[in-house]
Amino acid sequence: MQETSKEQWTARFVEVIARASTQLPPDVVEALRRGRQREDEGSLAAKALDTVLRNIELAAGTWQPICQDTGTPLVWIHHPVGMSTRLLTGAFEEAVRQATARQLLRPNAVDPLRDKNTGNGAAPGIPTVHCEEWDEDGVEVRMMLKGGGCENVGAQYTLPNPALKADRNLEGVKRCILDAIYKAQGKGCSPGIIGACFGGDRGSGFLESKRQLLRRLDDRNPIPELDAMEREIFDKANQLGIGPMGFGGSTTVLGVKIGYLGRLPASYFVSVSYMCWANRRAGAHFAPDGSVTWLE
Amino acid sequence: MKLQLPCDEATIRSLKVGDFVELSGRLITGRDSAHHWLIKEMREEVLPLMRGSVIYHVGPVVKKHEDGSYSFVAAGPTTSAREEPYQADVIGRYGLRGVIGKGGMGPKTLAGLQQHGAVYFHAIGGAAQVLAQSVKRVETVFQLEEFGVPEALWVIQVEDFPVVVTMDSHGGSLHATVDAASKSQLDALLGLSA
Numbered sequence: 001m002q003e004t005s006k007e008q009w010t011a012r013f014v015e016v017i018a019r020a021s022t023q024l025p026p027d028v029v030e031a032l033r034r035g036r037q038r039e040d041e042g043s044l045a046a047k048a049l050d051t052v053l054r055n056i057e058l059a060a061g062t063w064q065p066i067c068q069d070t071g072t073p074l075v076w077i078h079h080p081v082g083m084s085t086r087l088l089t090g091a092f093e094e095a096v097r098q099a100t101a102r103q104l105l106r107p108n109a110v111d112p113l114r115d116k117n118t119g120n121g122a123a124p125g126i127p128t129v130h131c132e133e134w135d136e137d138g139v140e141v142r143m144m145l146k147g148g149g150c151e152n153v154g155a156q157y158t159l160p161n162p163a164l165k166a167d168r169n170l171e172g173v174k175r176c177i178l179d180a181i182y183k184a185q186g187k188g189c190s191p192g193i194i195g196a197c198f199g200g201d202r203g204s205g206f207l208e209s210k211r212q213l214l215r216r217l218d219d220r221n222p223i224p225e226l227d228a229m230e231r232e233i234f235d236k237a238n239q240l241g242i243g244p245m246g247f248g249g250s251t252t253v254l255g256v257k258i259g260y261l262g263r264l265p266a267s268y269f270v271s272v273s274y275m276c277w278a279n280r281r282a283g284a285h286f287a288p289d290g291s292v293t294w295l296e
Numbered sequence: 001m002k003l004q005l006p007c008d009e010a011t012i013r014s015l016k017v018g019d020f021v022e023l024s025g026r027l028i029t030g031r032d033s034a035h036h037w038l039i040k041e042m043r044e045e046v047l048p049l050m051r052g053s054v055i056y057h058v059g060p061v062v063k064k065h066e067d068g069s070y071s072f073v074a075a076g077p078t079t080s081a082r083e084e085p086y087q088a089d090v091i092g093r094y095g096l097r098g099v100i101g102k103g104g105m106g107p108k109t110l111a112g113l114q115q116h117g118a119v120y121f122h123a124i125g126g127a128a129q130v131l132a133q134s135v136k137r138v139e140t141v142f143q144l145e146e147f148g149v150p151e152a153l154w155v156i157q158v159e160d161f162p163v164v165v166t167m168d169s170h171g172g173s174l175h176a177t178v179d180a181a182s183k184s185q186l187d188a189l190l191g192l193s194a
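Protein sequence lines correspond, in order, to chains A and E.
Position 195 of the first sequence, counting from 1, maps to 195 under this note's numbering, and the rest follow consecutively.
Position 97 of the second sequence, counting from 1, maps to 97 under this note's numbering, and the rest follow consecutively.
Bear in mind the hints are in silico, worked out from the structure with no lab data behind them.
Incorrect hints may have been included.
Derived Cβ-Cβ restraints for the label pairs, each shown as a range [what the hints assert, rightly or not]: (1) ASP8(E) x ASP40(A): 30 to 36 Å; (2) ARG54(A) x GLY191(E): 37 to 43 Å; (3) ARG33(A) x GLU22(E): 57 to 63 Å; (4) HIS170(E) x ARG54(A): 29 to 35 Å; (5) LYS63(E) x VAL292(A): 26 to 32 Å; (6) HIS285(A) x ASP8(E): 55 to 61 Å; (7) SER193(E) x ASP111(A): 45 to 51 Å; (8) SER184(E) x ASP219(A): 53 to 59 Å; (9) ALA287(A) x GLY18(E): 50 to 56 Å; (10) GLU15(A) x ILE39(E): 22 to 28 Å; (11) GLU57(A) x LYS40(E): 28 to 34 Å; (12) ARG33(A) x LYS63(E): 26 to 32 Å; (13) ASP219(A) x LYS183(E): 27 to 33 Å; (14) ASP218(A) x SER69(E): 29 to 35 Å.
All C-beta atoms in this analysis are idealised placements derived from N, C-alpha and C, irrespective of residue type, glycine included.
Taking the hints into account, I'd like the entire structure generated from these sequences.
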C-alpha cells in the first residue's frame, strides 16, 4: 500500500469519480422506482419520474454524467497508519482535474476573487478531501458529488426557534428539518434526500449533515431515537405533497439521515443538507494486494 | 403537445399551467452571466436569434470536436430563481416567448409573462442525458471565452425537448399552488395553524 504511487492512486480515483458521476447506486434507483409506483398514472409527477428513470438508464449505459451539474466532489478516505495524506489528497485533486478534462465532470470551480471559472475543476477548497487513519491495512474511499441546485436549498437553524415552536430537544430538531423540506419546495430537484445534524458548530454541523448522505437509503440508524425520527420525518415530509420537481405528488423525499455532534452550551444548531434525487455516491475498498471492492 | 420554435404570441397564450409540451426548433441558452450581459446593453447580435424563441437556463457539459463543432454531452436545467431580477426585462427587450428552467420564478417574471405573452417551461431537473439527446445541433456560441462553457450563450437546435408549463401568460403558477398547499400541510403537521 505504501508503495502505490501517486499516479496509481490518481488513476484509481478517476475510476471512483467516473462511477459517482454516471452510475446511480441501486438503492437510490429502487427508491425512485417505488416512488414512481405511488404516483397517479398520467400525472406530472409520474411523467417527471419516468424521465428521471430513463435518464439514469441512459447515463449508466453510456457512462455519461447523470446530471450536468457534477457538483463539488466531497470525499472521505480511511487509510492505514503512516500513509501520506498529502499523497492521497494530491492524487484525488489530480483525479478531479483529469475527470474534468475527460468530461466526466463539468468545469465546476469558480474563483470568486477573480470571478472566473478556473476551467479545470479545482479551486481553493475544491475538492473537499477528508483523510482519517484507521487500523486496517487497506484504503477505503467514499465520495459524493453534490450539485449547486440542492446545495442552495440547505439551511441551518438555531434552537429555540419560536416561529416553528421548536425547543432545544429532538422534537425541535424534527420541526426544523420539516420546515427546511417545505422551504426547499422542488428547487433541490425533488424527490430529495435529507442529511441532517443537530449540534456541532456552524461548520462541523453542516459537514456532518453531508457525511450522512453517504448512507444507503435502505439502511437504518443504529440509534433507536434517531431511527424513529428518520422514519417519522420521512412520512411527514411525503405528506407535504410537494412531489417530484415541485409538481405536486406523493414522492417528496427518498430518505432522511440524521447524525449529531457535541455542542456548546450556548449554541444549538440544526444543519440540514438537501441532496437531489441524483444522490451520486461511489465508494471503493483498495486492499494491499491491489484488489478493488466496489462499495454501494 | 408539440411546439415549434420560434412561435407567435397567440400560440404561447393558448398554453396553460400543467400542459406537457415537447419543444422543437431553435433556442438559446443563458444563465447568470448571460442575463447580466443581455441587460447591460442591447446585444444586437443575438436579437434575431432570440425573437419568438425561448431562453434555456442551463450550464451544459459541452464537447468540442476536432473539426471545431460542438455537441452537448449533458444538459439538464439550472435553478431559474437567480435570474428573477432580470428575466421580465430580457423577455420584453428581446421578444422571447418563453423561459425554460427549473424551480419556477417570482412575481416580476409572472407579470412579465402576462404582459409580453410568454410562459415558463419547467424542464426535468437532472435529466441531463435525456435532454442532451434532444439537442440535435449546436449552431453557434456567444461569450464562450469570457464566460466559460457553463455560462456562455449557446444557440442550439432541439427536437421533442420535454417540458411542463408551470407558469402561464395568464397569471397562473403551479409553484404558487403547490407552495400554498404544502404550507397548509406543514402547519397542520406541526400544529402551527393560527
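Tested hints:
{"no.": "1", "hint": "ASP8(E) x ASP40(A): 30 to 36 Å", "in the structure": "holds (34 Å)"}
{"no.": "2", "hint": "ARG54(A) x GLY191(E): 37 to 43 Å", "in the structure": "holds (41 Å)"}
{"no.": "3", "hint": "ARG33(A) x GLU22(E): 57 to 63 Å", "in the structure": "violated (24 Å)"}
{"no.": "4", "hint": "HIS170(E) x ARG54(A): 29 to 35 Å", "in the structure": "holds (32 Å)"}
{"no.": "5", "hint": "LYS63(E) x VAL292(A): 26 to 32 Å", "in the structure": "holds (28 Å)"}
{"no.": "6", "hint": "HIS285(A) x ASP8(E): 55 to 61 Å", "in the structure": "holds (60 Å)"}
{"no.": "7", "hint": "SER193(E) x ASP111(A): 45 to 51 Å", "in the structure": "holds (47 Å)"}
{"no.": "8", "hint": "SER184(E) x ASP219(A): 53 to 59 Å", "in the structure": "violated (33 Å)"}
{"no.": "9", "hint": "ALA287(A) x GLY18(E): 50 to 56 Å", "in the structure": "holds (54 Å)"}
{"no.": "10", "hint": "GLU15(A) x ILE39(E): 22 to 28 Å", "in the structure": "violated (44 Å)"}
{"no.": "11", "hint": "GLU57(A) x LYS40(E): 28 to 34 Å", "in the structure": "violated (42 Å)"}
{"no.": "12", "hint": "ARG33(A) x LYS63(E): 26 to 32 Å", "in the structure": "holds (31 Å)"}
{"no.": "13", "hint": "ASP219(A) x LYS183(E): 27 to 33 Å", "in the structure": "holds (31 Å)"}
{"no.": "14", "hint": "ASP218(A) x SER69(E): 29 to 35 Å", "in the structure": "violated (44 Å)"}
Of the hints listed earlier, those the structure fails to meet are numbers 3, 8, 10, 11, 14, in rising order.
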